[in-house]
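Asks: Each chain, written out:
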Amino acid sequence: MKGNAIMSNKEYIIKDADDLRWELGENFHDHIIESVYNEAGAIAAKVIIQKEESKKFHFDQWLDRLVTSRLTGFPIMFLLLAIVFWITIEGSNIPSGLLASLLVDTIHPELKLLAQNIGMPVWINGLLIDGAYLAMAWVIAVMLPPMAIFFPLFTLLEDFGYLPRVAFNMDNLYRRVGAHGKQALTMSMGFGCNAAGVIATRIIDSPRERLIAIITNNFSLCNGRWPTQILIATIFIGGAVPAHLAGVVSAGAVVGIALLGVLFSLVVSWGLSNTVLKGEASAFSLELPPYRPPRILQTLYTSLIDRTIFVLWRAIIFAIPAGLVIWLVSNVDIGEYSIAEHFINWSNPFALLFGLNGIILLAYIIAIPANEIVIPTILMLTVTTVNIVGVGSGAGVMFELDSTADTAEILFSGGWSALTGISLMLFSLLHNPCSTTLYTIYKETHSWKWTVVSAFLPIAIGLVVCFFVTQIWLLVA
Amino acid sequence: MSNIQNCETCPIHNVDNLTKLGINMEGIDYVIALTGNPNTGKSTVFNNLTGLRQHTGNWPGKTVTRAEGAYRYNNTKYKVVDLPGTYSLLSTSTDEEIARDFILFGKPDVTVIVVDATRLERNLNLVLQVLEITERAVLCLNLIDEAERHNIEIDHRTLSRELGIPVVPAAARQKQGMDELLKMIHEVASGKYVCKPYRMKTISKKVSKAVENVMQKILSEYPSLPNARWVAMRLLEGDQSIIDAVKTGELGKIYSVSKTQPQHVA
Numbered sequence: 000m001k002g003n004a005i006m007s008n009k010e011y012i013i014k015d016a017d018d019l020r021w022e023l024g025e026n027f028h029d030h031i032i033e034s035v036y037n038e039a040g041a042i043a044a045k046v047i048i049q050k051e052e053s054k055k056f057h058f059d060q061w062l063d064r065l066v067t068s069r070l071t072g073f074p075i076m077f078l079l080l081a082i083v084f085w086i087t088i089e090g091s092n093i094p095s096g097l098l099a100s101l102l103v104d105t106i107h108p109e110l111k112l113l114a115q116n117i118g119m120p121v122w123i124n125g126l127l128i129d130g131a132y133l134a135m136a137w138v139i140a141v142m143l144p145p146m147a148i149f150f151p152l153f154t155l156l157e158d159f160g161y162l163p164r165v166a167f168n169m170d171n172l173y174r175r176v177g178a179h180g181k182q183a184l185t186m187s188m189g190f191g192c193n194a195a196g197v198i199a200t201r202i203i204d205s206p207r208e209r210l211i212a213i214i215t216n217n218f219s220l221c222n223g224r225w226p227t228q229i230l231i232a233t234i235f236i237g238g239a240v241p242a243h244l245a246g247v248v249s250a251g252a253v254v255g256i257a258l259l260g261v262l263f264s265l266v267v268s269w270g271l272s273n274t275v276l277k278g279e280a281s282a283f284s285l286e287l288p289p290y291r292p293p294r295i296l297q298t299l300y301t302s303l304i305d306r307t308i309f310v311l312w313r314a315i316i317f318a319i320p321a322g323l324v325i326w327l328v329s330n331v332d333i334g335e336y337s338i339a340e341h342f343i344n345w346s347n348p349f350a351l352l353f354g355l356n357g358i359i360l361l362a363y364i365i366a367i368p369a370n371e372i373v374i375p376t377i378l379m380l381t382v383t384t385v386n387i388v389g390v391g392s393g394a395g396v397m398f399e400l401d402s403t404a405d406t407a408e409i410l411f412s413g414g415w416s417a418l419t420g421i422s423l424m425l426f427s428l429l430h431n432p433c434s435t436t437l438y439t440i441y442k443e444t445h446s447w448k449w450t451v452v453s454a455f456l457p458i459a460i461g462l463v464v465c466f467f468v469t470q471i472w473l474l475v476a
Numbered sequence: 000m001s002n003i004q005n006c007e008t009c010p011i012h013n014v015d016n017l018t019k020l021g022i023n024m025e026g027i028d029y030v031i032a033l034t035g036n037p038n039t040g041k042s043t044v045f046n047n048l049t050g051l052r053q054h055t056g057n058w059p060g061k062t063v064t065r066a067e068g069a070y071r072y073n074n075t076k077y078k079v080v081d082l083p084g085t086y087s088l089l090s091t092s093t094d095e096e097i098a099r100d101f102i103l104f105g106k107p108d109v110t111v112i113v114v115d116a117t118r119l120e121r122n123l124n125l126v127l128q129v130l131e132i133t134e135r136a137v138l139c140l141n142l143i144d145e146a147e148r149h150n151i152e153i154d155h156r157t158l159s160r161e162l163g164i165p166v167v168p169a170a171a172r173q174k175q176g177m178d179e180l181l182k183m184i185h186e187v188a189s190g191k192y193v194c195k196p197y198r199m200k201t202i203s204k205k206v207s208k209a210v211e212n213v214m215q216k217i218l219s220e221y222p223s224l225p226n227a228r229w230v231a232m233r234l235l236e237g238d239q240s241i242i243d244a245v246k247t248g249e250l251g252k253i254y255s256v257s258k259t260q261p262q263h264v265a
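Those protein sequence lines, which keep their order, are chains A and B. Quick note on numbering that gives the first Met the number 0: the first sequence kicks off at 0 and runs consecutively. Quick note on numbering that gives the first Met the number 0: the second sequence kicks off at 0 and runs consecutively.
Think of the hints as simulated: they come from the structure by calculation, not from any bench. Don't take each hint at face value.
[What the hints assert, rightly or not] BS3-like cross-link-like pairs, simulated, lysine-lysine; straight-line CA separation at most 27 Å: (1) B:K195 x A:K45; (2) B:K19 x B:K106; (3) A:K14 x B:K246; (4) B:K216 x A:K9; (5) B:K216 x A:K14; (6) A:K9 x B:K204; (7) A:K14 x B:K208; (8) A:K9 x B:K205; (9) B:K205 x B:K216; (10) B:K204 x B:K191; (11) B:K76 x B:K19; (12) A:K45 x B:K200; (13) B:K246 x B:K174; (14) B:K205 x B:K195; (15) A:K9 x B:K208; (16) A:K14 x B:K205; (17) B:K195 x B:K76; (18) B:K174 x B:K208; (19) B:K204 x A:K45; (20) B:K19 x B:K195; (21) B:K19 x B:K182; (22) B:K200 x B:K76; (23) B:K195 x B:K182; (24) A:K50 x B:K174; (25) A:K14 x B:K204; (26) B:K106 x A:K9; (27) B:K106 x B:K200; (28) B:K246 x A:K9.
[To be verified] Far from chain A by the CB rule (all over 12 Å, computed), these chain B residues: (29) K19; (30) N23; (31) E67; (32) D108; (33) H185; (34) Y192.
Predicted model only: the values in this text are computed from it and were never measured. We put the CB at the ideal spot given by N, CA and C, even for glycine.
Pulled out of the complex, with its shape left as it was, chain A reads as follows:
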């Protein structure tokens, strides 16, 4: 007893509090809360002077009724999303081409020339200029314009106060599948970046619901995957309809993929909350903030600096080593073929079952650190293996094409079909999160188990979906 003097002292505090609690009665908590509310009300009454009702308030209410109504809420949401994508698709084509002709058509040959003049060994020259530099150039050309358009538009909506309305529309769906209504908000964050979305799940109190939100955040198409979706939709979906409709139809296809992602997040949430993460959905209150006139210039500035440059920088950092790897696997031969060709030939039969091909699989493996650089890798590998004469600059050289039409030509001659395009869009939505997101998931959950689940569950779903789509397509076509 003596040795435990401190221990018993602590227990004594608790016992004392327990006794007093009995004395005070059960409604101690309510009593405190009630006091807080009453006194806050009394003070407020003394200092708030409400003059006549404002028109502004009525406008807010009217707008809220419109954007959160059962009838018009969802259509308005889809329409806004579609408009944002349409502006992004239409607006980024030309600057992408300009950037490509500058970085790839002009600067790349200059660099090659310079390397030759200073007598750089061929393999270093290839590795650095054809590998690392071109990977970086491609990422800038393909990613910068859509991001510089998409992020400010998205930030304007956020600044205006539309995001909580989206959450308000969706929360009921999430509750019904046994998840937390606030998951609608973290899902919206995921549309920007999944790692940010995973951190945002801290607003969810219950560990069970938070875990569901973390695992399913990957189904929100992140900005690393928007360019892939937009490009493939433009080529395979936009290419199949008359030119004047191409922009609208491709935007529609991207919205479709994004919505499919939302659907999967609902279905998987439902699956998890009925199996390994069983439990009741908890109640919560969601505050609809007032609409605020967006500060356009400031939004443009901060979204460019904080989002666009930040994301682009990350992409560049990942693109450089990936560029090195691409050049190496395409230029180091084992026997008759390069490492890349060995892998592609070996994995092709398997990949074709899912409507994909060996090139796509290899590109995904090389691009595991960052989803952003999948498309450049695919193009380069396609050119190398099918040996299209006159395009590209040889093995392991990532190149930019002046227009989407050129890109389409390469892909078609590489044996691509509409099915490949659709499968790639599906697989790009349904695969493992990028390495940054996985690291964030581990940091937030402190669990290897859930990190592994978050990585492999989407891949499994992706393969199953691609398999069925392909088999049905082949039966029908």
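Please build the complex by placing chain B on the supplied structure of chain A, with the hints as guidance.
Replies: Frame of chain A, contents of chain B only:
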């Protein structure tokens, strides 16, 4: 409102005694905590003071971790900690716990409570809870421009008298009222302005006595605990996590956790 604008455009008033220091934290004199309900503009105030660009957005729950920055005003260096928004100090979600633990155990020199002038009554619930546990606070009556558009007028002088702390009307998005806020933070931190924080009056004698009783016992066990009063209330409510923290001695550790290095959201 109009006189605020006049002051801010006046060259004499805009003395350049504010230096935004970003994340440079050397030789800090005072620590300022920014707290308040979600979506009242804490991060905007934070950005105005420190010159940093903590992400802001019009929805509750946007800030989920602490962000820290610094500024110099009148040759005094301040560290500002931007906390996630919270509706009360009794909540349990991770983001709100971060805010709660810092206000309770991080020993800020001044707590700046940012409130939404258009929803003052509801915001006051948190204000009263914060005032229960701190001696030095400044109320930033933010979004005063929006309140005006809604034809709401706030008698901020009476409010200041009632609460016993300085009340600064502000429109942080338009950078209005920031000079006055800096001045009042300085006065409270340096002890020039002595707060007489509002303490709740309708809590019964019996309850106050019980709280006092438990609080004294906690203090004899944990003499350096900054907020024994709040811990006592939680114990009386039977909050299991606090009971465990007292039992295991974790209570001392909560304090050390909130003194850890600055964290920034990517």
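Asks: Indicate, hint by hint, whether the structure satisfies it.
Replies: The hints, checked one at a time:
Taking the CA atoms of K195 of chain B and K45 of chain A, the gap is near 19 Å; set against the 27 Å cutoff, the hint holds. For the hint pairing K19 of chain B with K106 of chain B, the CA-to-CA distance comes to about 23 Å; that is within 27 Å, so the pair holds. In summary, the hint linking K14 of chain A to K246 of chain B is supported, as the alpha carbons are separated by about 11 Å, within the 27 Å threshold. A hinted pair counts as satisfied when its Cα atoms are at most 27 Å apart, and K216 of chain B with K9 of chain A qualifies at roughly 9 Å.
As the CA atoms of K216 of chain B and K14 of chain A are separated by approximately 11 Å, the hinted pair is consistent with the 27 Å bound. About 26 Å separates the Cα atoms of K9 of chain A and K204 of chain B, which keeps this hinted pair within 27 Å; it holds. The suggested pairing of K14 of chain A with K208 of chain B holds, with an alpha-carbon distance near 16 Å, which does not exceed 27 Å. Between the alpha carbons of K9 of chain A and K205 of chain B the distance comes to roughly 23 Å, so the proposed pair stays at or under 27 Å and holds.
Restraint check for K205 of chain B and K216 of chain B: satisfied, since their Cα atoms lie roughly 17 Å apart, inside the 27 Å limit. Under the criterion of a C-alpha separation no larger than 27 Å, the hint pairing K204 of chain B with K191 of chain B is inconsistent with the structure, at around 33 Å. Between K76 of chain B and K19 of chain B the alpha-carbon distance is near 10 Å, which keeps this suggested pair within the 27 Å criterion. For the proposed pair K45 of chain A and K200 of chain B, the alpha carbon gap of about 16 Å is at most 27 Å, so the pair holds.
A C-alpha spacing of about 47 Å is found between K246 of chain B and K174 of chain B, which places the hinted pair above 27 Å, so the restraint is violated. Distance hint between K205 of chain B and K195 of chain B is fulfilled; the C-alpha atoms sit about 24 Å from each other, no more than 27 Å. About 20 Å separates the Cα atoms of K9 of chain A and K208 of chain B, which keeps this hinted pair within 27 Å; it holds. The straight-line distance between the Cα atoms of K14 of chain A and K205 of chain B is roughly 18 Å, inside the 27 Å bound, and the hint therefore holds.
For the given pair, K195 of chain B sits about 25 Å from K76 of chain B by alpha-carbon distance, which is consistent with the 27 Å threshold. Between K174 of chain B and K208 of chain B the alpha-carbon distance is near 45 Å, which puts this suggested pair outside the 27 Å criterion. Among the hinted pairs, K204 of chain B with K45 of chain A is consistent with the structure: their alpha-carbon atoms are about 26 Å apart, no more than 27 Å. Among the hinted pairs, K19 of chain B with K195 of chain B is inconsistent with the structure: their alpha-carbon atoms are about 30 Å apart, more than 27 Å.
With a C-alpha separation of about 15 Å, the suggested pairing of K19 of chain B with K182 of chain B holds against the 27 Å cut-off. Distance hint between K200 of chain B and K76 of chain B is unfulfilled; the C-alpha atoms sit about 36 Å from each other, more than 27 Å. For the given pair, K195 of chain B sits about 18 Å from K182 of chain B by alpha-carbon distance, which is consistent with the 27 Å threshold. Using a Cα cut-off of 27 Å, the hinted pair K50 of chain A and K174 of chain B holds, with the two alpha carbons roughly 26 Å apart.
Between the alpha carbons of K14 of chain A and K204 of chain B the distance comes to roughly 21 Å, so the proposed pair stays at or under 27 Å and holds. Restraint check: the Cα-Cα separation between K106 of chain B and K9 of chain A comes to about 24 Å, which is no more than 27 Å; the hinted pair holds. Restraint check for K106 of chain B and K200 of chain B: the C-alpha separation of about 25 Å stays at or below 27 Å, so the hint holds. With a C-alpha separation of about 6 Å, the suggested pairing of K246 of chain B with K9 of chain A holds against the 27 Å cut-off.
Distance to chain A confirms K19 of chain B as a non-interface residue, since its nearest Cβ pair spans about 16 Å, more than 12 Å. Against the 12 Å criterion, N23 of chain B stays outside the reach of chain A, whose nearest CB is about 20 Å from its own CB. For E67 of chain B, the condition that its CB be more than 12 Å from all CB atoms of chain A holds, with the nearest at approximately 17 Å. Every beta carbon of chain A lies more than 12 Å from that of D108 of chain B, the smallest distance being close to 25 Å; the non-interface claim holds.
Taking the minimum C-beta to C-beta distance to chain A, about 25 Å, the non-interface status of H185 of chain B holds against the 12 Å cut. No Cβ of chain A comes within 12 Å of the Cβ of Y192 of chain B; the nearest lies about 20 Å off, and the non-interface call holds.
Going through the hint list in order, the structure does not satisfy hints 10, 13, 18, 20, 22.
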